[in-house]
Amino acid sequence: MKPAPFSYYRTRSVPETVARLAELGDGAKILAGGQSLVPMMNFRLARPDALVDVTRIPGLEYLRAGPDGLRIGALTRHRTVELCRDPVVLDGFGLLPRAARWIGHYPIRARGTFGGSIAHADPAAEWCLLAVLLEANVVLAGPAGARTVPVSDFFEGFYTTTAEPDEMITELHFPRAARHAALTEFAQRQGDFAVVAAAVSVDLGVAGPPRPGAACRSVRVVLGGVGPLPFVVDTGALGGQPAAAATWRAAGELAAAQIDPPADGHGGPAYRRRLAATLVERALTEAAAAP
Amino acid sequence: MTWVGAPVPRTQDRRMLLGRGKFTGDLARTGTLHAAFVRSPFAAAALGSIDTSAALALPGVAAAFTAADLGDPALLAVLERPEFVPTPLPLLAIGQVRHVGEPVAVVLAEDPYTAEDAIELVGVDWSPQPVVASLAAAVAPDAARVHQQAPGNCLVDLTMFDDERLDGVFAAAPAVVTATVGSGRLAALPMEGRACLAEWDERDQQVVMHVSTQVPHQVRSAVAQAFGVPEHRVRVIAPDVGGGFGLKCVAGREEVALAGIAMRLRRPVRWVEDRQENLTASFHGHEQRYQVRAAFGPDGRILGLAAEVDCDVGAYSAFPFTCAVEPLMAVTELPGIYKVPAYRARGRAIATHKAPTAPYRGVSRPQLVLVMERVMEKAARELGLDPLAVRRRNMISPGEFPYTSCNGITYDEGSYAESLDLAEKRVTESGWPGERDRLRAGGQLAGIGYSCFSERTAYGTPTMSQRRMRMTPGYDTASVRMDPSGEVIVTTGTCGHGQGHETTFAQIVADRLGVHPGQVRLRQGDTDLASYGWGTWGSRSIVIGGGAARRAADGVAAQLRQVAARLLEANAADIELAGGAARVRGDASASVPLGELARIVHFQAHRLPEGLRYGLEARETFDPPGTFSNACHAVLVAIDPGTGEIRLRRYLVVEDCGVVINPVIVDGQVRGGVTQGVAAALLEQVRYDPDGQPGSATLMDYLAPTAAEICPIEVVHLETPSAFSETGAKGMGEGGTIGAPAAVLSAVNDALRDARPGAEIDHIPVCPWDIHAALFAPEPLAERSAG
Amino acid sequence: MKDTHLIRVRVNGREHELAVESRRTLADMLRHDLGYTGTHLGCEHGICGACTVLVDGAPARACLMFGVQADGQDVATVEGLADGEDLSDLQQAFSDRHGLQCGFCTPGFLMLAEGYLAELQAGRGDGGEPSEQQIREVVAANLCRCTGYQGIVEAVLETARRRQAMEMP
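Residue numbers (the numbering used here), protein chains in the order written: chain A, 1 to 291; chain B, 1 to 787; chain C, 1 to 169.
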């Protein structure tokens, strides 16, 4: 389990990276945290001709909350998000530090990066699900300059995106806060890839837990582990329903009915549907109760 | 005060904690070549030509070998029974591959990266063939044969017991329960994979191998037999070994091949198994299916038992145990601690196109205990009795030892009833039933389960010879000698790999010689140092190796007493050895330090009469019939009905391994064993698809448990000393693994029954989707075999 | 033609300068080029954690980093934990609590725990004394096949408490 040969380049700036990628062509890959890429290289399932190490580029590690939402630098480590206690970030985006705890294990989180996870585009990955849930924008730098792509136009399928080989993710932009939001997932072992993951948000119109008799304006549910892309559940039927347990249960059943999950060594379709129903119900219960 | 029984800190901890352990992969030699094996991507294929020329042309590649280049070497493990079909295990495939991962060629390069580059360049002409990758496929009519000489893919078919009264017993019985119990295929998964460094020693004309093994002498025998050289031309050393659990108690084809290559190239060659090889191309175990019928009287007494056991042993017999080890143990030991009056059992080893099997921790006992505990619980339900009462009614009771069972085995004194009584008492007093009820009231499923069992350990040749292995293991030999400074060196043929033998052997010997354990040094794992021995497996080392060491220490003690008697002008019978001195019993002034005695024996031999001169040294062998330790496990599980997740809440082991040499080490063995048994019950399974392609080649798919899946494990000891053991100790390395699956499955079924009457699961591993099916399938889950 | 780079790396405070092929993992570089064989390789795909070291103070799987990436960085391995021949408090706790048997996974657990304990001391994380459950979740990053984890969890918990108590004014 030793990787195939490649050439290694270290870059110090985004323009240098883009230029280097353009020069190296399709066989080059960006190396950031390496927590997904390097295992695949050790199995020789990934065999890039060249790696461009971007981890020394200064200035790409940040969480900045402002009037236009939250911006996260591509080289921000998962652990940095997890341990973020900035009240401005927590107010409206507290979901992200909470969700970070589901990512792998502590050493993986200490090294893996936000941008790397989005670029890797695993449809069960926490950041990918939250990016879809919160309708984030991916900021890419390329030879022609920067461009911003809505995440709905970014993920193409298992591990594939619309990024060009000479583009680099520099930032994730979350335009809207989500107070009532949660992510939960299930795997047989702590830290493993989710068999099914559910990311949800509910719009109650006001902050704080729902008052008795309150209705939810809308519900958003995104599932991982059920197909090649994060799956957005059609929740139109839930708008205007009471913000209460029966609605959360109904949302779970709605999600289960819409998916056609795969079978593998971690569970078959019937079980994954049941799991989706459970996790959606639980995530919505947690989301609604958020402060 | 004795050292035996004291929690003496382990000698090896310090070097491991400092990062100074020396594992095979840590050893460096100038000019070492690194081996990488070309492995089959097919489960079954005929091998045509193999072209290594492109690999050899790669810079940094020094050599490449196919089977023909090495003279078609193979290992042959034989059971001398007519029902056994031998299957030679070629070191490199000869004309045919029989499982994914089977090695067909080996490349040697200056570094492991280049070696892996090179194996991609080896051209192999494969002709894929039909595959049998499950028990069902292998025994189907017209199934493809894994070996031409084995029709029906049956390598062993033994009806060991066949009580002619049994049909009548079943016909007349008030209650008959049946069960089909399946267990999944497992990987032993030591954290250090297999590894070997082989080098030629010109001065000694010997190939010297450092191998990550539990059985240095058997590896030596394997090399000698495969290459036709005398055993003294081979020296096998086991340095620090990072766990074995049975995977390393057989000879691996790769390490044996490396010895041949080192002899050929006269250069150091190294192979370090990677995890993908470890999971797909080493050895597995435990994939078994039992079909049992048991007859019971109205009072819950078992009247008869009939069993058919099929073991999926994979493609070959491992050396030296053979593939019969699982079916033989299953049919021989199935009745366990229960008094079965009439018994019939047939066991088969079925070949499949999967990696071969080796005796993984517990061998067949986790399964056969699981089967008997399922049978007891089913009978209790059928008869409306308490499951623990049914167990008590049938278990061998105090006053009945030694007990000779229907399987011909004599069980030495144990505490079967006492351990269950104590476990039940502690479970109640610790509030488990209340916790279970609270969990249920909170919307979870919850259950408490027990398992009662004994563990046959330390089988010597009197017992092993019944298997009729061509190489019959069992005895072990120790030498003890005191050096001129009064310190002690012990050699043994056992080979610890994490069990703390450096400490426990020292405790045993220190008591006999009256020295501190820190003055006793154990030398193990070196075939040039120790007499022929059988290594460490089968919970044998402390009883057999430790027993031999104790005998040898007594020999040296006798020598010391005689020398002391001479110097102190007393009778040898009046000399006691304690506190580093020999002294006359009852006379505090008459004493001489052992170091002084040792100095005189070695440096002033002329002062002693002929018979007391020339060293303090003894060599002894121990070869016991075996002894049974026993335990009762209890576990409380909670099940999340929404996800099917099963979580351990409480775990208790009441354990009796006779005299405890070192309680810290015993507790550690129990806890580690339980963890592996829980993993077998809930998490781990080696999967293959119908084409024989592995589905669990990574640790993302083979789910070894982490700390988050395991709860604290309480261990309580009873001590019923063995009369068949020098020290009174019984083996205990496997009991944790043996008892856990049955206890966990009992608890799971206790939880399921409460939620949905009739729901029951009889296979392991129990996965979350099995819980889902048991709770929500239109019909309560039917029994199914694992797979 | 090998792609080789000249790098400088500090291991346990000691400077090393060496030429390393770009594909060589940090683990292989530490073990075979620099002789720090206390760092073990158990899976080479980032699951078992036996190769965990600290890179600039944070835990990293040395099988998921290339040696060249450590250029200019500080690497801490198990060999640097003890004060000369004296075991560190964490090492001593592992011995006292029987947190190891075969010892192969032990260096990885020690470095994982050191990374976590350093974070605690720096006041990051949740603050306060960690619970057994929290320690279990941290320790779950690595695999041990011998101990059942109980001694490891106890050793890390005990060390965390002891170090926090020492910081009390």
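Careful: at least some of the hints might be erroneous.
[As the list claims (entries may be wrong)] SDA-like, lysine to any residue: derived pairs with alpha carbons at most 20 Å apart:
#1 B/22 with C/33
#2 B/22 with B/502
#3 B/22 with C/80
#4 C/2 with A/4
#5 C/2 with B/227
[Claimed, not checked] Over the 10 Å line for every Cβ pair with chain A, so calculated as not near, a few chain B residues:
#6 112
#7 275
#8 683
[Unchecked claim] Restraint ranges, calculated between C-beta atoms of paired labels, are given here:
#9 B/381 with C/129: 56 to 62 Å
#10 A/262 with B/157: 36 to 42 Å
#11 C/86 with B/693: 47 to 53 Å
#12 A/66 with C/165: 37 to 43 Å
Just so you know, these hints were derived from the structure itself, not from any lab. Every residue gets a Cβ at the ideal spot worked out from N, C-alpha and C, and that includes glycine.
Hint-by-hint comparison with the structure:
1. B/22 with C/33: 17 Å, holds
2. B/22 with B/502: 15 Å, holds
3. B/22 with C/80: Holds: residue 22 of chain B and residue 80 of chain C sit about 17 Å apart, inside 20 Å.
4. C/2 with A/4: Measuring from Cα to Cα gives roughly 11 Å; hence the hint holds.
5. C/2 with B/227: Given that 20 Å is the threshold and the Cα spacing comes to 38 Å, the pair is violated.
6. 112: Its Cβ does come within 10 Å of chain A, the nearest being 6 Å, so this is violated.
7. 275: 7 Å, violated
8. 683: 6 Å, violated
9. B/381 with C/129: 56 to 62 Å: 47 Å, violated
10. A/262 with B/157: 36 to 42 Å: 40 Å, holds
11. C/86 with B/693: 47 to 53 Å: Hint holds: Cβ distance 52 Å, inside 47 to 53 Å.
12. A/66 with C/165: 37 to 43 Å: 42 Å Cβ-Cβ, so the 37 to 43 Å window holds.
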